[in-house]
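Sequence positions in the sequence shown follow full-length UniProt numbering and run 1 to 208.
No wet-lab data here; the hints were simulated from the structure.
Hints are supplied without guarantee of correctness; some may be wrong.
Label pairs and their in silico Cβ distance ranges [to be verified]:
#1 Asp76 / Ala123: 42 to 48 angstroms
#2 Arg127 / Gly176: 19 to 25 angstroms
#3 Pro68 / Ser162: 17 to 23 angstroms
#4 Asp189 / Asp87: 25 to 31 angstroms
#5 Gly78 / Ala113: 43 to 49 angstroms
Computed from a predicted structure; not experimentally measured.
Glycine included, every Cβ here is placed at the ideal spot set by N, Cα and C.
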Amino acid sequence: MPPNRGRPRTWAGCTTGRSTTRTVTAGNCWPTTRPPWATALLPPRGDVGGGHRTRTHRDGRGLGLRDPHPHGYEYDNGARVDVTRLDTTWAGAAGALVSTGEDLNRFFTALLAGKLVAPTQLAEMRRDTEPLTNRPAGMDYGLGLARLAVPCETQVWGHGGSIPGFRTYAGVTATGRAVTVVADQRPTDAASAAALQHVFDAAVCAGA
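Can you build the whole structure from these sequences, using the hints too?
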């Protein structure tokens, strides 16, 4: 995003901010993107007990995904092309982790249940949320955590994301219902974005 040289009057999501934060914390806290709590939630060997074996990992400059995996697509000069073989390390802390819907659900469930950070830290993440001007309507952003608007009477906290070939919505309701929706192509217009949002809303509200 271009620099805002005036006094900011609105809020906007910015991947540069996440990457910069990672650079600062890496030099002062830990040498990789993986913080201490990540080892407890997603051990390096992948065995987290209870029969669950995580498939979350950091892209090590490989162009392939671990099988099985979906394929992601983008349009290039009007033709739909497979862009699955992508080095995501350029995204750094803003998107270089490769994960699954199941692991994302486990992460957000544990985070919102207070199992990953102290209560005061979780409260800060959800305090003074502001609407983002460059994100879908109804997304209020806190500190690395967003309050997502849905049509039913429930509160949802989580985060979305996109990288060439994929678009994700993920969140957890106040009752603990966790939902992750992934599309194998980023929306190209308002209609496709609304359709994806509708799928997420329906999945969330089915348990309301």
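Going down the list of hints, with the structure as the test:
{"no.": "1", "hint": "Asp76 / Ala123: 42 to 48 angstroms", "verdict": "holds, 45 angstroms"}
{"no.": "2", "hint": "Arg127 / Gly176: 19 to 25 angstroms", "verdict": "holds, 21 angstroms"}
{"no.": "3", "hint": "Pro68 / Ser162: 17 to 23 angstroms", "verdict": "holds, 22 angstroms"}
{"no.": "4", "hint": "Asp189 / Asp87: 25 to 31 angstroms", "verdict": "holds, 28 angstroms"}
{"no.": "5", "hint": "Gly78 / Ala113: 43 to 49 angstroms", "verdict": "holds, 46 angstroms"}
Of the numbered hints given earlier, the model fails none.
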